[in-house]
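Enquirer: Chain by chain, the residues:
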Amino acid sequence: MDFQIALLLGQDGLTNGAIYALLALALVLVFAVTRVIFIPQGEFVAYGALTLAALQAGKVPATLWLVLALGAAVTAIDSAQALRHGATRRLPRIIAVNLVAPLLLWLLLTSVDLVGLPLIGQIALALAIVVPLGPMLYRLAYQPIAEASVLMLLIVSVAVHVVLIGLGLLFFGAEGTRTPAFTEGTLDLGATTLQYQTLWILASSAVLIVALYAFFGRTIYGKALRATALNRTGARLMGISTTMAGKLSFTLAALIGAFSGILISPVTTLYYDSGFLIGLKGFVGAIIGGLVSYPVAAAGALLVGFLESYSSFYASAYKEVIVFTLIIPVLLWRSLTSHHSEEEE
Amino acid sequence: MRRLILPLFLLLLALLPVVLPGSAEFYVTLLNYIGLYALVALGLVLLTGVGGLTSFGQAAFVGVGAYTTAWLTTAFGWSPWVTLIVALAATTAVALFLGFITLRMGGHYLPLGTIAWGISLYFLFGNIESFGGHTGLGGIPPVMFLGMELKSGREFYYLIWIALMLAVVVTQNLLDSRDGRAIRALKGGVVMAEAMGVNTAWYKIVIFTIAAQFACVSGWLYAHLQRFVNPTPFSLTQGIEYLFMAVIGGVGHVWGALLGAGLITILKQWLQDLLPKLLGQSGNFEVIVFGLVMIFVLHRARDGLWPVILNRIERLWPALAANAGGSVPQAELLQKRDMPQGGDTILEVRQVTKRFGGLTANNAVSFTVQAGEVMALIGPNGAGKSTMFNCVSGVNPPTEGEVRFLNQRIDALTSREIARRGMSRTFQHVRLLPTMTVLDNVAIGAHLRGSKTFVHSSIRLDREEERRLRFEAARQIERTGLAEHMFDAAGSLPLGKQRIVEIARALAADPCLLLLDEPAAGLRYLEKQALAELLRKLRGEGMGILLVEHDMDFVMGLADRIVVMEFGEKLAEGLPKQIQEDPKVLQAYLGGVD
Numbered sequence: 001m002d003f004q005i006a007l008l009l010g011q012d013g014l015t016n017g018a019i020y021a022l023l024a025l026a027l028v029l030v031f032a033v034t035r036v037i038f039i040p041q042g043e044f045v046a047y048g049a050l051t052l053a054a055l056q057a058g059k060v061p062a063t064l065w066l067v068l069a070l071g072a073a074v075t076a077i078d079s080a081q082a083l084r085h086g087a088t089r090r091l092p093r094i095i096a097v098n099l100v101a102p103l104l105l106w107l108l109l110t111s112v113d114l115v116g117l118p119l120i121g122q123i124a125l126a127l128a129i130v131v132p133l134g135p136m137l138y139r140l141a142y143q144p145i146a147e148a149s150v151l152m153l154l155i156v157s158v159a160v161h162v163v164l165i166g167l168g169l170l171f172f173g174a175e176g177t178r179t180p181a182f183t184e185g186t187l188d189l190g191a192t193t194l195q196y197q198t199l200w201i202l203a204s205s206a207v208l209i210v211a212l213y214a215f216f217g218r219t220i221y222g223k224a225l226r227a228t229a230l231n232r233t234g235a236r237l238m239g240i241s242t243t244m245a246g247k248l249s250f251t252l253a254a255l256i257g258a259f260s261g262i263l264i265s266p267v268t269t270l271y272y273d274s275g276f277l278i279g280l281k282g283f284v285g286a287i288i289g290g291l292v293s294y295p296v297a298a299a300g301a302l303l304v305g306f307l308e309s310y311s312s313f314y315a316s317a318y319k320e321v322i323v324f325t326l327i328i329p330v331l332l333w334r335s336l337t338s339h340h341s342e343e344e345e
Numbered sequence: 001m002r003r004l005i006l007p008l009f010l011l012l013l014a015l016l017p018v019v020l021p022g023s024a025e026f027y028v029t030l031l032n033y034i035g036l037y038a039l040v041a042l043g044l045v046l047l048t049g050v051g052g053l054t055s056f057g058q059a060a061f062v063g064v065g066a067y068t069t070a071w072l073t074t075a076f077g078w079s080p081w082v083t084l085i086v087a088l089a090a091t092t093a094v095a096l097f098l099g100f101i102t103l104r105m106g107g108h109y110l111p112l113g114t115i116a117w118g119i120s121l122y123f124l125f126g127n128i129e130s131f132g133g134h135t136g137l138g139g140i141p142p143v144m145f146l147g148m149e150l151k152s153g154r155e156f157y158y159l160i161w162i163a164l165m166l167a168v169v170v171t172q173n174l175l176d177s178r179d180g181r182a183i184r185a186l187k188g189g190v191v192m193a194e195a196m197g198v199n200t201a202w203y204k205i206v207i208f209t210i211a212a213q214f215a216c217v218s219g220w221l222y223a224h225l226q227r228f229v230n231p232t233p234f235s236l237t238q239g240i241e242y243l244f245m246a247v248i249g250g251v252g253h254v255w256g257a258l259l260g261a262g263l264i265t266i267l268k269q270w271l272q273d274l275l276p277k278l279l280g281q282s283g284n285f286e287v288i289v290f291g292l293v294m295i296f297v298l299h300r301a302r303d304g305l306w307p308v309i310l311n312r313i314e315r316l317w318p319a320l321a322a323n324a325g326g327s328v329p330q331a332e333l334l335q336k337r338d339m340p341q342g343g344d345t346i347l348e349v350r351q352v353t354k355r356f357g358g359l360t361a362n363n364a365v366s367f368t369v370q371a372g373e374v375m376a377l378i379g380p381n382g383a384g385k386s387t388m389f390n391c392v393s394g395v396n397p398p399t400e401g402e403v404r405f406l407n408q409r410i411d412a413l414t415s416r417e418i419a420r421r422g423m424s425r426t427f428q429h430v431r432l433l434p435t436m437t438v439l440d441n442v443a444i445g446a447h448l449r450g451s452k453t454f455v456h457s458s459i460r461l462d463r464e465e466e467r468r469l470r471f472e473a474a475r476q477i478e479r480t481g482l483a484e485h486m487f488d489a490a491g492s493l494p495l496g497k498q499r500i501v502e503i504a505r506a507l508a509a510d511p512c513l514l515l516l517d518e519p520a521a522g523l524r525y526l527e528k529q530a531l532a533e534l535l536r537k538l539r540g541e542g543m544g545i546l547l548v549e550h551d552m553d554f555v556m557g558l559a560d561r562i563v564v565m566e567f568g569e570k571l572a573e574g575l576p577k578q579i580q581e582d583p584k585v586l587q588a589y590l591g592g593v594d
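First to last, the sequence lines map onto chains L and S. Here the first sequence stands for residues 1 to 345, numbered as in this note's numbering. Here the second sequence stands for residues 1 to 594, numbered as in this note's numbering.
Incorrect hints may appear among the rest.
Stated by the list, open to error - In silico negatives: residues of chain S with every beta carbon more than 12 Å from chain L:
no.: 1; residue: Phe9
no.: 2; residue: Tyr27
no.: 3; residue: Pro111
no.: 4; residue: Glu129
no.: 5; residue: Ser130
no.: 6; residue: Gly188
no.: 7; residue: Thr237
no.: 8; residue: Gly239
no.: 9; residue: Ser282
no.: 10; residue: Arg355
no.: 11; residue: Glu581
Unchecked claim - Covered by chain L, according to a simulated footprint, are these stretches of chain S (three or more residues, beta-carbon under 8 Å):
no.: 12; segment: 47-60
no.: 13; segment: 225-234
Stated by the list, open to error - What the simulated footprint calls covered on chain S by chain L, stretch by stretch (three residues with Cβ under 8 Å from a Cβ of chain L suffice, anywhere in the stretch; the number is not a length):
no.: 14; segment: 258-268
no.: 15; segment: 550-561
Since the hints were made in silico from the structure, they are not lab data. Ideal Cβ placement from N, Cα and C applies to all residues, glycine included.
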């Protein structure tokens with residue numbers, strides 16, 4: 001390996017690592033707030049990218065039907081519940097958010113020239129379609145058993161994951177897609193060249209991380225999420241709704257996932273099931289951080305990115321084996337250093 | 001009636017390949033697969049339903065079994081029976097290693113670890129050249145059994161289902177034993193089980209390994225049935241499907257594994273035909289249905305379909321219902337511990353301090369307990385009494401200071417070690433296993449008095465010891481006045497009686513020091529009197545008793561000496577009479593007259 005290749009691989013590792021870091025942050029966030037190990041995180045990556053690709057091809061993406069269907073289901077369940085409790089005042093809001101908004105989105109999609117739209121408009125539309133899936137999934141799959149054990153929630157996560165994978169194949173077919181770069185071209189740095197998209201990825205990740213940091217440190221909702229993560233019962237006693245916290249964390253996770261997919265789809269071809277492995281690599285990073293520490297999770301994710309790109313040079317067939325085997329020394333180290341209390345969940 | 005069902009089911013199983021016509025080969029194949037899958041799902045029942053752990057990597061263990069035999073038989077010509085042993089050894093090694101690194105941490109690290117291991121192994125199978133890469137390995141020889149080559153699906157059927165039925169029997173035997181009770185305590189009773197001397201980390205590794213071995217055998221069978229292996233059936237997707245089978249069938253029940261494997265296998269066949277036609281595309285769309293069913297089951301019938309079905313049948317046909325109750329046959333008494341001399345100091349607490357972060361719950365507290373006395377620890381709420389109990393019993397060891405029990409330092413030992421030395425305790429917040437019978441709950445207390453392991457119990461070599469353990473448990477239940485509730489689910493008893501069950505469980509351990517945390521709370525007057533009588537009797541036998549209690553009549557009438565605590569510090573110590581007149585104690589309890 002010469003210096004040139006090492007730089008190139010390093011660049012690759014850094015780009016992937018930045019994405020894994022974003023996903024790792026989302027996973028830690030969701031786990032801390034809801035105790036859900038969010039296996040379907042990766043599906044949002046694929047859905048985001050493939051939805052954007054569909055929009056750019058001038059098609060109404062099939063993910064919209066999923067939003068409409070889930071929205072209808074949420075409306076039905078929430079309205080029934082509201083009626084049973086005599087809380088008819090809540091009905092307009094339930095219907096507006098879950099039924100009317102998706103319908104308006106549909107109307108919008110069929111009335112604008114999708115292909116002619118500037119990229120930023122297409123991205124906004126793609127996010128508007130995919131992100132609501134996060135809170136809707138929380139409402140339908142997790143909220144009814146929010147107090148169940150971590151294990152039960154994990155099994156539900158895996159079930160949601162396989163459903164989304166199956167639907168992904170149905171929606172997008174088996175073919176992969178790539179979307180055009182935000183800015184085409186490369187930057188000449190003398191020793192190496194840098195794609196502008198790489199810069200986009202790094203810059204966006206950095207901005208998102210800083211934004212999350214500010215959100216948790218400075219806003220009331222961010223603080224509410226942190227409070228819920230620290231102590232669910234205590235937070236509830238302070239008037240913080242754990243349901244709201246759950247939905248909010250799922251919204252953020254969906255946003256981070258979908259946007260990550262949109263960021264990388266110009267540099268890698270994404271298939272309906274690519275998200276799973278990408279999400280799991282974020283997981284390896286998150287586990288390095290013990291599913292608690294945000295900075296260590298991000299650093300771990302970068303490590304995964306570098307390990308992946310360098311191992312693809314030395315033993316490309318064993319790339320995945322190497323990356324996922326990394327988890328074993330990590331777990332070993334954590335198991336020997338952490339003092340897990342005997343108290344059960 | 002109920003007894004006839006199993007033999008009838010076995011007879012049906014045995015006759016099926018004979019009665020099915022030659023044209024129904026498809027059904028034989030289907031049954032073979034159901035058997036293979038059920039074997040893996042059975043391991044998950046033990047792991048998930050009983051032990052409260054889970055694994056998504058069972059398909060990878062199936063792969064270990066299949067690839068070991070495929071490679072060794074084709075490349076080196078080894079006999080399949082030899083490769084079975086090699087495969088089991090390899091599986092055991094991997095399971096022990098994975099278990100060791102993940103099981104010491106939170107429950108979710110094992111499933112996450114198994115996801116990673118499932119993916120790694122799948123890619124590894126596909127990339128090793130001598131394993132034939134993604135194309136796989138063919139030409140695997142058939143199994144020879146009693147000089148017969150098992151070549152056809154009908155012949156192989158018997159091998160699969162005999163293996164499965166053996167696994168069912170072994171699992172049921174295991175669950176109905178000393179180790180079985182310990183394993184059932186893993187789900188929600190770790191602290192209690194450790195305090196009763198159960199090595200919970202070890203049992204977690206044991207059930208993970210057994211589940212892996214079942215999967216490995218299934219893989220070995222699969223390789224010799226198909227006579228060909230490639231990586232596809234050992235992917236993470238399949239690993240997830242195994243878990244679906246167990247959960248949908250009924251993850252807490254041995255027969256749930258069979259039901260789940262059967263349902264999912266048949267449903268999959270049907271959906272794989274139907275869905276692509278319906279949707280006009282080809283692909284594995286059945287996972288959508290499986291995932292949705294899974295979510296529905298977890299929301300609405302968390303225990304799976306088996307208990308639901310069983311319930312329906314028993315309501316329609318009450319004759320089939322299992323009759324609860326029974327009796328515990330007399331058996332030889334268990335060996336008793338040598339009690340220390342009356343008056344000897346058995347417990348010595350010296351300057352014990354316990355801090356939780358910045359909060360000091362106990363500050364330099366000292367006291368002793370002698371054999372044959374009742375020492376009461378009293379004080380207002382929040383005085384640090386239960387914290388002191390946890391320090392002494394090793395549930396939550398002290399930050400500073402020394403605890404000596406029978407003249408040996410124990411403050412650095414685990415609660416399990418301390419229990420082994422003859423200390424037993426109850427908990428203020430009752431820690432029983434609510435779905436298990438009172439008898440089984442109490443028998444956990446006697447855990448350390450038995451020595452037979454899961455190896456013995458799986459082939460019923462533990463029966464004599466088990467009878468003695470159960471008889472001991474029954475004796476303690478009768479002694480504490482709960483004989484009428486012996487076969488009731490512990491969770492169905494009122495709280496006061498649950499506390500008594502805790503005492504019976506502690507007594508089953510044959511302790512020389514008994515720690516009772518608010519034993520009289522929730523008892524009625526007569527029950528309290530009976531309890532006091534029992535404690536007096538135990539004291540007479542030479543047992544030391546350390547008691548935390550709020551009921552002053554109870555304490556003053558029973559205790560030999562009293563230690564009063566307030567705000568984590570020792571306020572006073574003395575005879576009941578002295579304590580009742582101590583001005584500091586009066587002030588702490590009744591407030592001062594300023």
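Enquirer: Evaluate each hint against the coordinates.
Expert: For each hint, the structure was consulted:
1. Annotated as non-interface, S:Phe9 keeps its C-beta farther than 12 Å from every C-beta of chain L; the closest such distance is 29 Å.
2. Every beta carbon of chain L lies more than 12 Å from that of S:Tyr27, the smallest distance being close to 27 Å; the non-interface claim holds.
3. Consistency note on S:Pro111: stated as away from chain L, yet its beta-carbon is not over 12 Å from all of that chain's, at 6 Å minimum.
4. Against chain L, the non-interface label of S:Glu129 is violated: not every CB pair exceeds 12 Å, the least being about 10 Å.
5. Residue-level check passed: S:Ser130 sits 14 Å from the nearest beta carbon of chain L, beyond 12 Å.
6. Non-interface call for S:Gly188 relative to chain L: violated, since the shortest CB-CB distance, roughly 6 Å, does not exceed 12 Å.
7. The beta carbon of S:Thr237 sits about 8 Å from the closest Cβ of chain L, which is not more than 12 Å, so the claim that it is off the interface is violated.
8. The claim that S:Gly239 is not at the interface with chain L is violated, since a C-beta of that chain comes within 12 Å of its own (minimum 10 Å).
9. For S:Ser282, the requirement that its beta carbon stay farther than 12 Å from each beta carbon of chain L is not met, with the minimum near 9 Å.
10. With a least beta-carbon separation of about 15 Å from chain L, S:Arg355 lies farther than 12 Å from that chain, consistent with its non-interface assignment.
11. At roughly 41 Å from the closest C-beta of chain L, the C-beta of S:Glu581 stays outside 12 Å, upholding its exclusion from the interface.
12. With a cut-off of 8 Å between beta carbons, the segment 47-60 of chain S has 5 residues touching chain L; three or more are needed, and the interface restraint holds.
13. Here the segment 225-234 of chain S counts 0 residues with a CB under 8 Å from a CB of chain L, which misses the bar of 3, and the coverage is violated.
14. Proximity of the segment 258-268 of chain S to chain L, defined as three or more residues with a beta carbon under 8 Å from a beta carbon of that chain, is not established by the 0 residues found.
15. Coverage of the segment 550-561 of chain S by chain L is violated in this model, with 0 residues showing a Cβ closer than 8 Å to a Cβ of that chain against a need of three.
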